[in-house]
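*Asks:* Just so you know, this note's numbering puts 241 at position 212 of the sequence shown, and the rest follows in order with no gaps.
Just so you know, the hints here were simulated from the structure itself, not pulled from any lab data.
Result set (PhoX-like, lysine-lysine): computed pairs, CA atoms no more than 20 Å apart in a straight line:
id: 1; residue 1: Lys326; residue 2: Lys357
id: 2; residue 1: Lys396; residue 2: Lys326
id: 3; residue 1: Lys323; residue 2: Lys357
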Amino acid sequence: MSAPSEIVETVEEDGRVRVVALRSTARTIDSAVILRGQTQAIRQVEVRAEVSATVISAPLRKGAQVKAGEILCQLDPGTRPSALAEAQARLIEAEARVPEARARLDEAHARLREAEINLNAAQRLSEDGYASDTRVASAEAGERTAIAAIATAQSGLQSTTAGIQSAAAAVAAAQKEIDRLSIHAPFDGLLESDTAELGSLMQPGSLCGTVIQLDTIKLVGFVPEAEVNRVEMGAMAGAELATGDRVQGRVTFVSRSADPNTRTFEVEIEVANPDLSIRDGQTADIVISADGAKAHKLPQSALTLNNDGRLGVRVVADDNLVGFVPVKLLRDESDGVWLSGLPEQADVIVVGQDFVTQGVAVTPTYKEAL
Numbered sequence: 030m031s032a033p034s035e036i037v038e039t040v041e042e043d044g045r046v047r048v049v050a051l052r053s054t055a056r057t058i059d060s061a062v063i064l065r066g067q068t069q070a071i072r073q074v075e076v077r078a079e080v081s082a083t084v085i086s087a088p089l090r091k092g093a094q095v096k097a098g099e100i101l102c103q104l105d106p107g108t109r110p111s112a113l114a115e116a117q118a119r120l121i122e123a124e125a126r127v128p129e130a131r132a133r134l135d136e137a138h139a140r141l142r143e144a145e146i147n148l149n150a151a152q153r154l155s156e157d158g159y160a161s162d163t164r165v166a167s168a169e170a171g172e173r174t175a176i177a178a179i180a181t182a183q184s185g186l187q188s189t190t191a192g193i194q195s196a197a198a199a200v201a202a203a204q205k206e207i208d209r210l211s212i213h214a215p216f217d218g219l220l221e222s223d224t225a226e227l228g229s230l231m232q233p234g235s236l237c238g239t240v241i242q243l244d245t246i247k248l249v250g251f252v253p254e255a256e257v258n259r260v261e262m263g264a265m266a267g268a269e270l271a272t273g274d275r276v277q278g279r280v281t282f283v284s285r286s287a288d289p290n291t292r293t294f295e296v297e298i299e300v301a302n303p304d305l306s307i308r309d310g311q312t313a314d315i316v317i318s319a320d321g322a323k324a325h326k327l328p329q330s331a332l333t334l335n336n337d338g339r340l341g342v343r344v345v346a347d348d349n350l351v352g353f354v355p356v357k358l359l360r361d362e363s364d365g366v367w368l369s370g371l372p373e374q375a376d377v378i379v380v381g382q383d384f385v386t387q388g389v390a391v392t393p394t395y396k397e398a399l
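All chains should be modelled from the sequences, with the hints used to inform the complete structure.
*Replies:* This is the structure we're talking about:
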């Protein structure tokens with residue numbers, strides 16, 4: 030950031046300092062979002078037991094490839110098949126009661142129709158004086174008895190139906206208990222741990238094995254809140270792993286909630302991994318493509334600080350007076366730095382900037398940027 034000593038001593042007769050300014054025009058640069066992260070399996074599941082039983086299958090060793098639905102642990106059925114058979118027998122018994130209950134209901138309806146006929150006849154004979162009141166009362170009582178019989182028969186049929194439903198539920202529960210004796214792989218993947226050993230006692234929640242899927246893998250990183258809006262869903266991204274391998278993928282997730290401790294947002298990138306060469310947990314330097322930004326490429330020596338300690342450059346403003354413009358460093362390259370914050374066209378002082386301050390009159394000599 031120093032200038033040649035002759036510039037300090039070169040002052041015009043009118044007190045203006047001679048400086049060299051660079052006529053710079055903003056250009057669009059690829060301002061990728063750079064972050065550090067790691068690889069992560071697209072899926073990982075700890076497969077656990079749901080019932081208590083002893084393992085009766087030989088263990089599968091970690092690293093083995095498994096297919097979706099393949100049995101990882103087979104448990105001893107014990108008395109569960111007998112419980113299922115008993116539940117099925119009760120269901121058959123309950124279903125056998127249905128015809129009898131329906132027959133009783135039909136019989137009750139027939140008696141009601143007979144009672145209604147008798148009552149109607151008794152009432153007509155009574156009106157003509159051919160039947161006593163006692164006969165009419167007896168017919169009315171018979172009708173009420175028939176109605177009560179229908180209610181009893183309907184209740185019996187409902188009870189029989191409820192018994193069938195209860196027996197069917199018991200059969201389903203017993204069958205489900207048997208189904209849980211076979212613990213299956215949830216998807217195609219690799220065993221990250223040995224499955225449970227032959228003869229070991231499993232309790233609900235006991236680990237059978239861990240399955241991970243790596244044919245597609247995720248790159249997971251955390252982007253600062255100042256740059257999160259520059260990361261878009263579907264954006265192309267690349268990464269260099271600790272092994273030196275380079276991979277490419279697309280952004281599939283950008284968190285909407287910041288980590289409360291770091292104030293950063295999680296970003297996930299899916300990468301194809303058909304040969305399983307990328308492992309879970311590898312360190313990755315991630316670069317996510319983002320919209321280009323307008324920036325000026327200037328010599329690093331042009332950077333300076335104002336009285337408040339802010340980083341910026343000094344420019345030749347109107348009437349050849351010195352102005353100070355705060356800038357943001359976007360990229361550092363061997364032949365200069367890329368800066369944002371300057372207008373589209375700027376005359377940046379590149380020699381003598383450390384010997385003038387804002388508002389000082391200068392005599393500039395211009396050179397064009399290459």
